[in-house]
Amino acid sequence: MSVLTRPAVLLASAAVAASLLVAPGAAYATDTTTELTAAEMKAALERVAAASDSAAAVGWKGASEYSLSEPGSAAVVAGTDTITVDRAHGLLSDVFTLNDFGTTTVFMAEGSGVYQSIADPQWNAALKMMGRTSVKYTFVPDKTIDLDESAPDPDYLAGDYSVPGTKTAHDDGSADYAFTDKDGAVFALHVNVDSVLTGTDITVTEDGSILAVSLDYSYGPQSVTLPTAGQTIDYRTLAAGVAYLDMPATVQLAAKGGAADTRKAAKGRKVKVSTLRKVVRKDVSTLNSKTGVNMVKVKNVTSGVNVYAVNPWTKKTVKYSVKASGKKVVVKKR
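Those letters in the sequence shown? Residues -29 to -1, 1 to 305, by mature numbering (1 follows the signal peptide of the UniProt record, and there is no 0).
Misleading hints may appear alongside valid ones.
[Unchecked claim] Straight-line C-alpha distance at most 25 Å; calculated SDA-like pairs for lysine to any residue:
| # | residue 1 | residue 2 |
| --- | --- | --- |
| 1 | 238 | 152 |
| 2 | 290 | 258 |
| 3 | 243 | 257 |
| 4 | 304 | 289 |
| 5 | 303 | 218 |
| 6 | 138 | 152 |
Just so you know, these hints were derived from the structure itself, not from any lab.
Starting from the given sequences, assemble the full structure and let the hints guide the process.
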């Protein structure tokens, strides 16, 4: 697996970003550096994991900065990610910013679901059409949300490494652990006097590309405020709104597609009205299933059917008739 695509260094994801924990080291008067074997490093990190896990019991916050540079390009992909976890109330917020791509905010609530900020132009167009421009977040209900899985505590990092490295102890009782993992990622972890992780620096180099990550980590009670009802829309309702943006084209597609399939079924013979109705209804049902919205309707009329839809927000109607006429199938907009 490519080093640059390993989950341990893809900090755009909240789960992984939350697990990479260290702060920039300061200058100390006296440092003592000790070589550690793989077994000694593993044991040390297990102690750090236990202390950090205890410190994070009530809540924690991670603030990361990262950049990716590629050979032959002056452009640098840079971003920040701030994760706040209120364990006492089962809440999480994740604010992710990427240069040239804006900011995405995600909230998670245990036993409830996930909120995500709305940035897609089509989503915003649907909200405008629906008359709900005050909405800023979609909501996906999910009672299985568990912060232990979505935002792992500090022990996630320390439990995964069994490689040789160094420990540098400082006069104030804090220490740095440095090592290179089996895929070549360079880690520098910092812990405080209580062996609690306070941050990390990570550098990954592959084929001239360099990914650099720095994350600060703090512990204690946190406050996460979820979006209000007026700022939120259920994702299924928003999906329906997006589908209705294309209502004219969708109805036309259903009518013309049904007509074409009816002609095929007739095989050059006179078109039966009963066959036309059956084929068109089947095609419309398939189309509605694909869009995920029961938008297009079919109504029997003389010699065929009307294929139509009514926008529930604007009340506009789009309608086509599909009728049998001898060996022909005639489609007209109504």
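To see whether the hints hold, each was checked on the structure:
1. Distance restraint check for residue 238 and residue 152: the Cα-Cα separation of roughly 67 Å exceeds the 25 Å cut-off, and the hinted pair is therefore not satisfied.
2. Distance hint between residue 290 and residue 258 is fulfilled; the C-alpha atoms sit about 16 Å from each other, no more than 25 Å.
3. Annotation: proposed proximity of residue 243 to residue 257 holds, straight-line Cα distance about 21 Å (limit 25 Å).
4. Pair hint residue 304 plus residue 289 holds up; C-alpha atoms about 8 Å apart against a cutoff of 25 Å.
5. Among the hinted pairs, residue 303 with residue 218 is consistent with the structure: their alpha-carbon atoms are about 16 Å apart, no more than 25 Å.
6. The hinted pair formed by residue 138 and residue 152 meets the criterion: a straight-line CA distance of about 15 Å does not exceed 25 Å.
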